[in-house]
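Number of protein chains: 2
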Amino acid sequence: MSMHPEATVAPVEAHEPPYYVAVFTTVRTSHQLGYSDTNAHLEDLVQDVPGFLGMDHAQTPGGLSITVAYFRDADALTEWRRNAEHRAAQKRGQDEWYQSYTLHVAKVERSHGFTRAQVPQSSTAR
Amino acid sequence: MSMHPEATVAPVEAHEPPYYVAVFTTVRTSHQLGYSDTNAHLEDLVQDVPGFLGMDHAQTPGGLSITVAYFRDADALTEWRRNAEHRAAQKRGQDEWYQSYTLHVAKVERSHGFTRAQVPQSSTAR
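In order, the protein sequences belong to chains A and B. Sequential numbering of the first sequence, starting at 0, is according to numbering that gives the first Met the number 0. Sequential numbering of the second sequence, starting at 0, is according to numbering that gives the first Met the number 0.
These are calculated hints, taken from the structure and not from any lab test. No residue lacks a Cβ here, since even glycine has one placed at the ideal position from N, Cα and C. Hints should not be assumed to be uniformly reliable.
Said to hold, decoys possible - Subject to a maximum C-alpha distance of 30 Å in a straight line, what follows is the list of computed DSBU-like cross-link-like pairs (lysine-lysine): (1) B:Lys106 x B:Lys90; (2) A:Lys90 x B:Lys90; (3) B:Lys106 x A:Lys106; (4) A:Lys90 x A:Lys106; (5) B:Lys90 x A:Lys106.
Said to hold, decoys possible - Pulled from the structure, derived: some chain A residues nowhere near chain B, Cβ distances all over 10 Å: (6) Asp55; (7) Glu84; (8) Ala87.
Unchecked claim - With beta-carbon atoms standing in for the labels, derived distance ranges: (9) B:Lys90 x A:Gln93: 37 to 45 Å; (10) A:Gly112 x B:Ala87: 19 to 27 Å; (11) B:Gly61 x A:His40: 18 to 26 Å; (12) A:Pro49 x B:Glu84: 24 to 32 Å; (13) B:Pro60 x A:Asp43: 21 to 29 Å; (14) A:Pro16 x B:Gly53: 19 to 27 Å.
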C-alpha cells in the first residue's frame, strides 16, 4: 500500500448530544451515469442546510457504501429531506443507481472521539 | 426477510423503530499487527449478544472506515460495551491501530429500505 492515512483524513468530530445522525448505506448498480456529478452537487448543497454538522463517507470497492451525516436537530434533517434537488436525486437513485439501500435516522445520545497524540517527526508534510 | 436477491452484498435490513445504532468511524495507523484477527474475532463475538441485529462495514482504501452496528435496545449495547474482549481491543486500538476515531450511539426514530425489483434472468442461483 502506498497510501498513508495520515492527518489529511479524519472523521467528523463528535458533537455535544443530542443531535441527529442519518446513516445511508447503499449497494450500487452498474448504471452510474450522472451519479458522481449529482453526488458532488448534493454534498455541496447539504452544507447550506442550517444545522448541518458534517458528513463522513466510506466505500468498499465493489461493496457497500456508507454515508453518515450529522445534523444539529430534527428541523435540519427535515429541511434536507424536503430539498427538491435531494428528492429528485433519490428518485433517480431508485430508478438507476441503487441496487439496495437503507436509511436510518437516529437521535444521538452519547458520543466521543479519539485522536492519537502526535509524535514529533523529523519530516512530516511532503 | 425471506426473499433475498442474488446480490451478494446488501445492507442490514431496516428494523422496526425504536432500536439503537452505533456508528464507529476510524482512520487507522500504519501499525496493524493483530488488527485483522481481532476484528474478525469481535465480529463473531458480537453475534452472541442478545439483541444484536446486524452490522454493516465499508472502508475506503487509504481512507475512512465506517462500521455501523444495530441493536434492539440499550441493554444489548451495554452488554457489548462491557464485553471484556471488546474492551481489551479498544485499549489496543488506542495504543496501536487507530489514528483517530469517533463513536456515536443513537436511538433510531425512523428507517426504511429499498431493494431493486429483480429482472428475470436466464440463469440465476445454482
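In rising order, the numbers of the hints this structure does not comply with: 2, 6, 12
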